[in-house]
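Enquirer: Sequence:
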Amino acid sequence: MPARAYWQGQIRLALVSIPVEIYAATKSGASVAFKQIHEPTGKPIHYEKIVTGVGPVDTDEIMKGYEVSKGEFVLLEQDEIDAVKLESKKTLELTHFVDAHEIDVLYYEKPYFVVPADDLAEEAFIVLREALRRTKKVGLGQLAMRGREYVVSLKPCGRGMVLETLRYADEVNKAQGYFREIPDQKPDADLLDLAEALIDKKTATFDPDEFHDRYVDALKDLVERKRKAKGRKIVEDKDEGGTKSGGNVVDLMAALKKSMEKSGAAAEKTPPAKKAAPKKAPAKKRA
0 MPARAYWQGQ IRLALVSIPV EIYAATKSGA SVAFKQIHEP TGKPIHYEKI
50 VTGVGPVDTD EIMKGYEVSK GEFVLLEQDE IDAVKLESKK TLELTHFVDA
100 HEIDVLYYEK PYFVVPADDL AEEAFIVLRE ALRRTKKVGL GQLAMRGREY
150 VVSLKPCGRG MVLETLRYAD EVNKAQGYFR EIPDQKPDAD LLDLAEALID
200 KKTATFDPDE FHDRYVDALK DLVERKRKAK GRKIVEDKDE GGTKSGGNVV
250 DLMAALKKSM EKSGAAAEKT PPAKKAAPKK APAKKRA
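Take 0 as the starting number for the sequence shown in numbering that gives the first Met the number 0 and just add one per residue.
Because the hints were derived from the structure by calculation, they are not lab data. Quick caveat: nothing in here was measured; it's all calculated off a predicted structure.
Estimated spans, in silico, between C-beta atoms of each pair: (1) G176 with Q9: 39 to 49 Å; (2) K256 with P207: 27 to 37 Å; (3) V215 with P55: 31 to 41 Å.
Note that beta-carbon positions come from the ideal geometry of N, C-alpha and C, so glycine has one too.
Please construct the entire structure, taking both the sequences and the accompanying hints into account.
Expert: Spelled out as structure tokens, the structure:
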């Protein structure tokens, strides 16, 4: 494997144990990093660890402490923390299986690739993967990584599987508090038809390569222009095209129709007028 395993252990399903390795499935994207600079000298700002009334301290004098009451700390050595016994440090036991749609998108946090640790683990790994695929279920369990225990989900992904860390219930805000003021009403049928037609027109296969961070590009361009300007201040013109908050309400029907015309879909999506059915000639009487 080109990368270093993020976690090594075993997946346990009843009496079956499958040695696996977990690798990060994502990486940090492009970004523009800024440092704090002392303007008079042009030198970067550094940070020191200091104690009030003492001043700067050496790193070997620093310990981890948990505040049990105001100003009172319990000090812990790193090896004491590392020695905390938790079975999920080395074993992911699948205790529940649910339909994927039952897990709200708000709970998903970060994905990891899961692969068999060796050739002997491959058969059991493939059996579990295909069983999840055929039943269309997601396995749930708990796993300890990097100083905390996570709820995780496990599901098939191509030839391998993907493990995703999930947030605990107390880490997710209840949606009702934010959505309560939104009126519970049905939209106008004509408006809904236009909105659906616009969505249909713009529907395509998801291709992540079509998107990139335009803000990073703009910042890099600003840095280059600033370098060429030799210190002269550069300020972009403010975009005046946005709609001001509290302004006139936009005619939604007109806006949707204009959007359809812009995308060249108005003629395609407007159903043709129905022609009147020709009147049937009266049936001839039999002799």
